[in-house]
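Combine both chains into one complex, guided by the hints.
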Amino acid sequence: MSIGSNTVMRGAWQDRLAGGLIWALLGVTLVFLLLPLVVAVVMSLDSRPFLGQLPPPSLSLQWYAKVFTSDYIGPSFATSLVVALVAVALNATAGTAAAVAITSGRLPGSRLLAQLFLSPLVVPAVVIGFGLLLVLARLGITSGIGRLMLGHIVITLPYAIRACMASLVGQDRRLTEAAAILGANEWQAFRSVTLPLIRTGIITGAIFTLAISLDDVAVSMFLVDRQNITLPVALVTHMRAAFDLTIAAIAVMAMVFTAFVVLILDVTLGIDRVIGQGLYRSEKENS
Amino acid sequence: MTDTLEFDAVTKQFGAVTALDGVGFSVKQGETIALLGPSGCGKTTILRLIAGFEQPDAGRVLLGGRDMAGLRPYQRNVGLLFQHYALFPHMTVAENIAYGLRYRGTPKAEVAARVTEMLRLVRLEGMADRRPDQLSGGQQQRVALARAMATRPELLLLDEPLSALDARLRQDLRTELRDLLAETGTTAIVVTHDQEEAMSLGQRIFVMRAGRILQQGIPDEVYWQPQDRFTAEFMGRVNWLDGSFVTGAAGPVFRTPGGWEIAVPALPSGQAGATELCLRPESIEMVGADHGIRTDTGTMRGVLEQTTLLGPTRILSVRLSDGQSVEVAMPNRSQAMLQVGSFVMLAVNGHNGAFFGA
Ligand SMILES: Nc1ncnc2c1ncn2[C@@H]1O[C@H](COP(=O)(O)OP(=O)(O)OP(=O)(O)O)[C@@H](O)[C@H]1O
Ligand SMILES: [Mg+2]
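Chains as they are written, first to last, in the working numbering: chain A, 1 to 287; chain B, 1001 to 1358.
Calculated from the structure, these hints are not laboratory results.
Among these hints, one or two may not hold up.
Some but not every residue of chain A turned toward chain B, in silico, with C-beta under 10 Å [what the hints assert, rightly or not]: (1) SER143; (2) LEU175; (3) ALA180; (4) GLY183.
From the derived model, a few chain A residues whose C-beta atoms are all more than 12 Å from chain B [unchecked claim]: (5) LEU33; (6) VAL41; (7) LEU45; (8) LEU59; (9) THR69; (10) PRO75; (11) LEU107; (12) ARG111; (13) THR176; (14) GLU177; (15) ILE181; (16) VAL193; (17) LEU195; (18) ALA218; (19) ILE247; (20) VAL267.
Note that the Cβ used here is the ideal one computed from N, Cα and C, for glycine as well.
Here chain B stands alone, though its shape is the one from the complex (with noise of 0.2 Å):
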């Protein structure tokens, strides 16, 4: 079966600046990706390419296997949400959602039912009659689904889709979002720069930087063994310990300077030399108070300089015997031991670690 999406080779210059540099990428019926970078990294730009708002300058885009040059954005089938929603102020809800089946010669009829049907799957039955600037952002941002998916396009892309809203909302309409998509089988790309946005809605991850795709997997993958410096450091906060790789008495371990081992699933070998060990702050649990005694293997001592509360988990920043500082995340329990100053006993998984090149 032919992809959804095939996007070949794909360079889009902007006068000077090189939008995009070679980015190819597939995607298959019924999936969601999310492509997840910095600002002007080139997102909206491939969402505009695959729209047909901009044609590329080398390479191709093709929709079901058919390709796309030449062809205006009415005469492909694609659904495409704004960042800003971009609703038509002088419609209802109701026209604002129907306005695609309009150009698309479906009766009367059809229409009305399918408005309906929209309507409800957003959630916004009632609501039909009102304008616009009459509903709230997050009502907005229902409506602009709506209309992306009314004519139930071959792809519907998703651009930034919640990050107008405020962090409680942008949660809900998250989870709500997903579920849609899941229920209805679109085939969707989601742009954000939200690395929780990327992993919650994506199936399969793009990480780009500075128009190109550095990384991609399923969430997982990407967050916890990530290739470069950038998407580890993009996907959320991480541990850069220094040290070497050694076979140690039960097997392969990462040494810190300051004499900690740390068992690693195996010596690093497609990267040679590897003296960098990047951790997830929940790969290192505190054990508790520092008694001096213990210094097995998988275990550091150092001080705790600092706690910063998340809410669910409270980060705390622990400066090793060696100099070296770490961030370690515990759930947000137990608080009454958390004293700045003391000295604390942490316990590392290095299973789940990535390995880098000085």
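Here chain A stands alone, though its shape is the one from the complex (with noise of 0.2 Å):
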């Protein structure tokens, strides 16, 4: 795979140069996407209970000690997973229907929608996160969990719909109509013909609904209060109060239950076929 292939007319001192850069420059990303995670993984182990140099004189588990001791990550880690779970479980269902309708052409404005819904999100998450808790106070909805839940939804919302539409525009419409000329009626149709076509554009919403939910700092920002803190909202928060690597520690677990998913999806669905299908074939195929 090196440029020197298509270069070989100019010489080869040149195709060397060119095919040495490449690989410099494919060695400074490695360093640069891995550094941190290996200085994620070095900090996590620090036996001191302060910040000094690294390497650290001495390892430990001290932090990992602390992520199941301390009394703010367990309860704040229940909040995030339930704000995440009931945004996955909305998206899921409603997400679907929302992009089943838009993607039908049938409702009015439908061709605007899938317009907004395919194009990128670009509304900053900070103005997101403000104007939300403007308008759910106007609404009277003052709980944080209730707040959470809604502001989260918001945000992962259109990922979700776009993953269900991207693998609804490459389908057939008349498969539906082979369906019900062959005696299903719309639900019928839905279940059986509809739904297992698009499984995988609702699994990749729900993996980016999760993803985004459970790692968003600067929307939830706004929308938490004393009792209803998500995870890592209340680490941002605790490590400005107090020298405190325990979000390390829940960092490298992050990566490993991260892996893991990875490679159960892998096994199970094909990731690039999650990926690949679900969010990037999009308007090529909509013809």
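What follows is the structure, encoded as structure tokens:
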């Protein structure tokens, strides 16, 4: 896979230069991608109770122990999980229904909606968070958990709809018509034909929802209250208040968990299929 | 007995486009009719109205004497073969065929028996567990046919059933399809833009153009006695000869400006002033080289300008001595004497001609 094969005419030293540059670039990129991970792993094993120079003189599992003993991590993780799962549940149902309605073309303004959901989502998270806080206050929703649930649905629903739509637009409308003329009513046709064919889209949407929701700080910051704090917000707040490397331990645990999920997905569905079909197989196959 | 299908003065608009403009026809039980017409003339729209995917703006669709207005597709007992088959990609061949039975409360044992029977009918035994993407185009077509027929619909609709296949396969499957429809006594509507397909599959042909039915009849009638230019040309190669109809010594004849006379069965009465004779290329025969002797009724002379080989037949383009050009179809047997530029003698059978006004 060397660039050289394309530039044979230019002579050997140019080839070698180009090849070397490519490798150098790849190396630098890898280092920048991996270095933070390595640092996080090392820091999570640091035995010192203060931020010292790397590498640490000795290793310990104290921060991991703290993950399970400290009083704020358990509840905030539970909050995060509940909020994320509610968002996943709603996105997988209502989001799928919305995607089906939009792509059916029978909805007024569906072309505009389709454009909207398939184009990049550009509003800054801070703006969304602050705006949500104001609107929800107006609506009389003042409980933190309610705000978090609504807020996370707002920020993740577009991704879920988009992933689902991407798998729907490649689908032939005649398949549902074929089901109908063979005797299946609308719901039966959806269950037996549409749903199995857009399953990867729904799963992709759920993964994105989960990832975004569990990761979000910027929007959640505005929506939490004393009783309901999400894990990322709790970690950030704590780290600022007192020196604490629990965050590194959690980051490492999250990495391991993610790697595990990716592995499972790859074994069961094929990861390139999930990513490829779910997100990027958009309008080219629309015709 | 009521007709299986009655299409009663149906009009269908799509925005500004009038897809169907007062179309009426009926299909008798056990009959296969062919809807023939160019792209965009409204053929698929007719099928979609019968299936219930669209509702007519005016007129009625009756199936077995029942008005279908407001009935959803799954409430009608109609089978439909889509142009590109629309097989369910996530189901096996057997599951595809069984799909319709599943929603009609057919008992399990009977479903299995029917699937086996359909697989045998379309000669796909042993393919039950394949998925559509593991089949060739012709096999997919047969699965689609089996799926559409498995529920024994009152009426089977076939939308360009063979157009996605290559020429050779198309001919084979055409015969197969006709036999299958006859064997099962299925009432069917075949949509096509291929006149050969229409003539070989349809017991009656309906020629369509721009949302209207121009002519209907048995294939021979539509082929030999087209009622307008469009039908004449759509059904196959055709010659238009200018001239006039007169009563000659031995009866009515058509006389060309060059003086050739062609015997015709009768003077055109319905089409007073008809000045054109429409002849299929096979109504003209090349007799041989022209020796300049015979000038009887039914003969013409000209120069051979071009020959085109179409497999079993050869088309000769001949410039008549009065300047008109005609195409002659002859069986592709002898070619020794066919020399472009030579004078040839033609024998014309005017009894199969059709007349047209100026
Ligand atoms: N859903 C629709 N919306 C708008 N116009 C339509 C729709 N369906 C059909 N038409 C128009 O109605 C006319 C008839 O279409 P139809 O599909 O019946 O043609 P067809 O005879 O089946 O053509 P083909 O041989 O190309 O399949 C065409 O002008 C077509 O553009
Ligand atoms: Mg069509």
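These are the hints, each one checked on the structure:
1. Against a cut-off of 10 Å between C-beta atoms, the interface hint on A:SER143 is violated, since the closest Cβ of chain B lies about 43 Å away.
2. Nearest Cβ of chain B to the Cβ of A:LEU175: about 5 Å, under the 10 Å cut. The hint holds.
3. A hinted interface residue such as A:ALA180 counts as satisfied when its beta carbon comes closer than 10 Å to some beta carbon of chain B; here the least separation is about 4 Å, so the hint holds.
4. Interface hint status for A:GLY183: upheld, as the beta-carbon distance to the closest one in chain B is roughly 4 Å, under 10 Å.
5. No Cβ of chain B approaches the Cβ of A:LEU33 within 12 Å, the least distance being about 37 Å, so the stated non-interface status holds.
6. Look at A:VAL41: its CB is around 42 Å from the nearest CB on chain B, clear of 12 Å, so calling it non-interface holds up.
7. Against chain B, the non-interface label of A:LEU45 holds: every CB pair exceeds 12 Å, the least being about 48 Å.
8. Here A:LEU59 stays apart from chain B, with its beta-carbon at least about 51 Å from theirs, past the 12 Å limit.
9. A:THR69, annotated as away from the interface, keeps every beta carbon of chain B farther than 12 Å; the closest lies near 49 Å.
10. Here A:PRO75 stays apart from chain B, with its beta-carbon at least about 43 Å from theirs, past the 12 Å limit.
11. A cut-off of 12 Å between C-beta atoms confirms that A:LEU107 is not in contact with chain B; the least separation is 18 Å.
12. In this structure A:ARG111 is separated from chain B by more than 12 Å, as the shortest Cβ-Cβ distance comes to about 15 Å.
13. With a least beta-carbon separation of about 9 Å from chain B, A:THR176 fails to lie farther than 12 Å from that chain, contradicting its non-interface assignment.
14. A:GLU177, annotated as away from the interface, has a beta carbon of chain B within 12 Å; the closest lies near 6 Å.
15. Against chain B, the non-interface label of A:ILE181 is violated: not every CB pair exceeds 12 Å, the least being about 5 Å.
16. A beta-carbon of chain B comes within 12 Å of the beta-carbon of A:VAL193; the shortest separation is about 6 Å.
17. Against chain B, the non-interface label of A:LEU195 is violated: not every CB pair exceeds 12 Å, the least being about 10 Å.
18. With 12 Å as the threshold on Cβ separation, the claim that A:ALA218 sits away from chain B holds: the shortest Cβ distance comes to roughly 40 Å.
19. The beta carbon of A:ILE247 is kept farther than 12 Å from every beta carbon of chain B, the shortest such distance being approximately 44 Å.
20. With 12 Å as the threshold on Cβ separation, the claim that A:VAL267 sits away from chain B holds: the shortest Cβ distance comes to roughly 20 Å.
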